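Residue numbers (numbering that gives the first Met the number 0), protein chains in the order written: chain A, 0 to 346; chain B, 0 to 675.
None of these hints come from the bench; they were simulated from the model. Treat the hints with care, since some could be wrong.
[Unchecked claim] DSBU-like mimics (lysine-lysine), calculated; alpha carbons at most 35 Å apart, straight line:
(1) Lys361(B) - Lys142(B)
(2) Lys187(A) - Lys261(A)
(3) Lys361(B) - Lys309(A)
(4) Lys142(B) - Lys158(A)
(5) Lys229(A) - Lys361(B)
(6) Lys150(A) - Lys630(B)
(7) Lys241(A) - Lys361(B)
[To be verified] Partial list, computed: chain A residues near chain B (C-beta under 7 Å):
(8) Ser168
(9) Gln196
(10) Arg204
Please read these numbers as outputs of a predicted model, since none were measured by experiment. The C-beta atom is built at its ideal place from N, Cα and C for all residues, glycine as well.
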Amino acid sequence: MMRRPLLNRRFATFFGVGWLAIFAGRPADAGEPVADFYTGKTLQMVIGYSVGGGYDIYARTLSRYMGKHIPGNPTIVPQNMPGAGSLRAVNYLAKAAPKDGSVFGTFARGAAMEPLLDPKAIPFDPNSLKWIGSVTNEVSTCAFWHTSGVKDWADMQHKPYTVGGTGASSDTDVFSRVVRHFFHLPLKLVTGFPGGQDVVLSLQRGEVDGRCGWSWSSLISRNRALYDSKQIIVPLQLGLRKHPDLPDVPLVLDLSNDPKIKAALKLIFARQAIARPFAAPAGVPPERLKALRDAFDATMRDPAFLQEAKTLELEVAPVQGVEIEQLIKDIYATPPDIVQLAREAMQ
Amino acid sequence: MPSDVMQPGTVSVMFHALHLLLEPVRLLILFGGVLIGLAIGCIPGLGGVVGLAVLIPFTYNMDAYSAFALLLGMAAVTTSSDLIPAVLFGVPGTVGAAATVIDGHAMARKGEAGRAFGAGFASSLAGGIVGAIILAAAVPILKPLMLAIGAPELLAFSIFGLSMVASLSGKAPLKGLTVAGIGLMLSMVGTGMQSGAPRWNFDWLYLFDGLPLVPVTLGLFALPELADLAIDRRSITGQPLERRKLGLVSQWQGLRDVIDNWWLVLRCSTLGVVLGVIPGIGSAVIDWIVYGYAQRTLPGSDSFGSGDVRGVIAPESANNAKEGGHLVPTIAFGVPAGTSMTLLLGAFLMHGLVPGPDMLTKHLDVTYSIIWSLTLAHVIGAVICVFGSSTLARLATLRYQVMLPVILPIIFVAAFEGSRDYGDFFSLLFFGACGWVMKRLGWPRPPLVLGLVIGKIFERYLFISTEIYGGVGWILRPVVLVLLGVIAWTLYRPLRQIAEDLWREFARTRWSQARFGFRSLAAAAVVAVIVAALITSADWPESERLVARSAAYFALITALLNLVTEIFGTRKAAQPEEGKAALSTSIIGRRAIVFFGWLGGFVASIPLIGLIPTAAVFVFAYMALGFRESKRKAVLCATLLSLFFWGVFGHVLAVPWPTAVLGDHVPSLRTATGLM
């Protein structure tokens with residue numbers, strides 16, 4: 000009987016310490032200057048994809064440098080929330096996440112336009128997010144294996160060929176269908192490959208002739224040797240502007256003279272302009288949103304961040320939050336007949 | 000390219016890489032990786048993928064050799080230690096240890112846990128080394144090798160995997176084939192890849208990317224064992240263990256078993272490597288395919304399932320060898336063969352290494368350091384396991400009143416790693432209940448996993464092969480012909496057996512003596528589900544229907560035949576498992592309802608107060624109220640476990656906890672704890 004009280008006390012201490020450790024989080028917040036709010040805080044950065052992918056690498060790199068540009072120098076903790084092509088993360092940000100400026104995140108570049116272009120997509124209110132910025136814009140390409148016989152845009156219009164895709168809603172498929180539809184290409188799409196690099200392997204086996212919707216930055220970072228040795232040929236680039244590396248490759252927007260088709264193409268490829276987007280829930284206090292946007296812009300100029308991006312072969316061509324907001328506004332102001340044209344092309 | 004690496008320099012690069020790896024700091028990092036990997040393997044539900052996700056960010060500032068020493072050191076051994084909970088509790092430590100449960104856990108129940116450990120660790124080690132050797136030997140020919148394996152070959156391999164259903168169905172072929180068909184159908188759930196049309200996803204965001212494997216495997220294989228523990232009310236071994244049965248002496252016996260079966264180890268390891276090359280085929284099915292293979296080819300395989308040591312050796316050696324195979328397409332072409340390799344690919348790029356031809360020339364030393372990391376990790380892992388497990392094996396003597404309340408929350412939190420969605424809890428509970436019914440009524444569970452994993456791969460390569468090579472053109476490729484020949488040859492005997500059994504069964508059928516019970520009820524329910532699936536898929540686009548509905552029609556036929564044998568067949572009464580006192584059906588039913596009631600309460604409480612608070616409350620309530628343990632012990636266990644979750648999952652894994660009503664109403668609690 001002598002031992003019991005002792006055990007109890009020791010145990011009670013242990014128990015108390017345990018729960019204290021769980022509850023000793025951050026103090027509750029009140030309306031206060033931005034720096035006070037963020038001081039000692041942990042910011043949650045939601046990533047709509049799993050570890051190791053392109054979105055993840057961009058987000059994690061950003062998370063390491065952005066904190067010190069926010070007043071109060073909070074720590075940014077990346078959290079992966081993959082699912083439904085990052086729709087889960089979008090939904091979380093738009094609906095469930097706290098709107099106090101302690102959460103922001105990244106997701107598919109097309110997430111904001113998809114509901115407009117795909118009538119079957121889950122409805123989404125583009126005003127439910129506040130854009131912080133995009134680390135880079137991106138140019139996509141159609142590329143072919145050297146033995147396929149497709150060497151330029153004229154070949155793409157006339158010689159029959161096969162391109163590999165990674166699933167109906169992926170860029171590889173959507174972009175292939177769009178160019179086939181608008182330019183009546185003799186393009187055959189074989190889809191179902193597990194990933195983009197599987198298509199590249201299939202190219203080398205001679206199973207498929209090419210791949211459309213292949214982002215130039217990933218082509219060059221993953222398969223530079225094949226491009227330099229001219230085993231891969233790029234006859235077409237897809238985006239709103241030409242990539243500086245590809246001045247002589249025709250841009251899809253320049254290939255049609257029909258203003259309606261041009262407008263539809265612009266609508267579809269607009270997502271390339273915000274390739275690595277970051278956004279916070281709408282409802283974040285304006286001064287905190289401004290702090291996040293300013294911090295994002297400052298990070299994009301931070302030499303240490305740029306150095307690391309260079310080592311990781313990440314392109315940096317930042318787009319500001321306000322610019323994205325304008326872009327999305329423009330997209331949603333597109334006349335219905337153009338939207339209809341784009342919808343048909345994407346099917 | 001091969002000519003470059005065939006130069007005599009290759010051998011010196013190989014030893015240079017070893018030399019680099021043996022530097023004290025790197026060796027220490029490797030050792031740290033192995034320790035982390037062993038720990039992750041022991042925790043049910045967590046595997047190499049989770050480990051990689053956690054560790055990769057830490058390797059930013061390391062050199063490539065150290066980074067891969069850490070990552071592969073960890074990833075290599077998760078499949079060594081995952082047999083510990085599989086043997087002790089019948090709960091697979093990773094998705095790859097489900098097959099080990101069958102004979103490993105049966106051995107533990109016979110008091111042979113030590114022997115199972117010895118055999119498991121030794122075959123893990125042997126498999127790991129065989130995998131590394133094959134990879135090392137294949138380095139010079141990796142490129143031509145991968146170029147020779149096209150879509151038709153991958154399709155043929157996936158058919159080979161599916162063909163194992165025949166031997167994994169045991170004595171219930173009709174049920175096994177039905178379950179395999181349902182598994183195939185489950186693999187179609189989500190979004191169709193040809194047209195993007197929804198398939199059986201009920202507009203539920205959780206199912207858009209398909210069913211996640213982790214909660215399904217945990218539900219199918221872990222919960223039923225635990226449910227039976229709660230129903231039979233005994234510790235796992237049934238009687239107190241003798242110390243010597245756990246010690247090194249009995250492990251030594253397991254090691255001797257492995258040496259005696261060296262030819263089996265070699266065959267299974269090789270099969271593990273080959274299957275590991277195929278994108279999408281991971282440890283969750285490799286263990287079952289190899290188990291089926293061993294069962295079919297070994298003499299006296301009737302003892303499989305009742306504690307045959309070879310049933311431990313086969314899957315363990317293959318699962319540890321597969322990492323060697325996984326790395327082949329990753330290194331040679333940057334094509335990830337599985338989720339873990341997708342993550343590893345990210346690590347490659349992070350360190351400025353571009354997987355592809357460079358890895359076989361310019362960065363050959365890194366490639367060899369990876370192979371050495373695999374080898375050394377397996378050796379270190381095996382040694383630690385051998386000496387650590389005799390202590391761990393005593394856990395099997397833990398009373399169920401303590402063990403169940405602690406392990407169940409771990410399984411829930413681990414299942415949440417499936418896709419970090421509330422739906423993971425439903426999947427776990429649903430497949431747990433199904434798994435338990437299947438176990439009780441003699442429906443084999445492995446074919447479900449086989450169908451679920453391979454179904455999508457099969458569909459994928461079926462479309463690509465027929466699109467590119469024409470309707471039958473793909474069959475005429477030499478490798479495909481050989482593989483299909485092998486499949487036909489190995490299937491012939493079991494299929495004839497099945498047909499003969501069926502014929503006999505139907506010949507004995509007494510049409511006048513219909514019997515209706517739980518068995519026929521279950522069989523009828525399965526038929527109903529399949530019919531519902533057929534009705535709901537009728538208006539899908541043609542390309543999405545083909546495989547899904549073929550599987551459904553196939554399952555419907557076998558399910559109907561099964562229903563007939565259940566109702567009219569002359570089945571002998573089901574025999575209770577060895578050494579198990581038969582409980583009356585009503586007691587079993589009552590206890591099962593109580594058990595799943597507790598789990599249902601768990602799931603229902605999460606949206607109210609959050610996952611971790613629920614876990615804490617559950618441990619306390621189940622222990623103190625459910626099993627009448629002392630309140631002090633219950634509080635202690637609840638505290639320790641929530642601290643563990645909070646630290647490991649909340650902070651190291653940065654899991655975004657599901658939001659809860661309590662947090663909505665008392666926001667200060669949410670901001671203070673971050674748990675709700």
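Comparing the hints with the structure gives:
1. A hinted pair counts as satisfied when its Cα atoms are at most 35 Å apart, and Lys361(B) with Lys142(B) qualifies at roughly 15 Å.
2. For the given pair, Lys187(A) sits about 23 Å from Lys261(A) by alpha-carbon distance, which is consistent with the 35 Å threshold.
3. For the given pair, Lys361(B) sits about 21 Å from Lys309(A) by alpha-carbon distance, which is consistent with the 35 Å threshold.
4. Of the pairs offered as hints, the one joining Lys142(B) and Lys158(A) holds, with about 30 Å between alpha carbons and a cut-off of 35 Å not exceeded.
5. For a cut-off of 35 Å, the pair hint linking Lys229(A) to Lys361(B) stands: about 20 Å separates their Cα positions.
6. In summary, the hint linking Lys150(A) to Lys630(B) is not supported, as the alpha carbons are separated by about 77 Å, beyond the 35 Å threshold.
7. The hinted pair formed by Lys241(A) and Lys361(B) meets the criterion: a straight-line CA distance of about 33 Å does not exceed 35 Å.
8. Below 7 Å, beta-carbon pairs count as interface contacts, and Ser168(A) has one with chain B at about 5 Å; its hint therefore holds.
9. This hint holds: Gln196(A) has a C-beta 5 Å from the nearest C-beta of chain B, less than the 7 Å allowed.
10. Annotation: Arg204(A) was flagged as interfacial toward chain B, and the flag holds, the nearest CB pair being 5 Å apart, inside 7 Å.
The structure fails hint 6 only (numbered hints given earlier).
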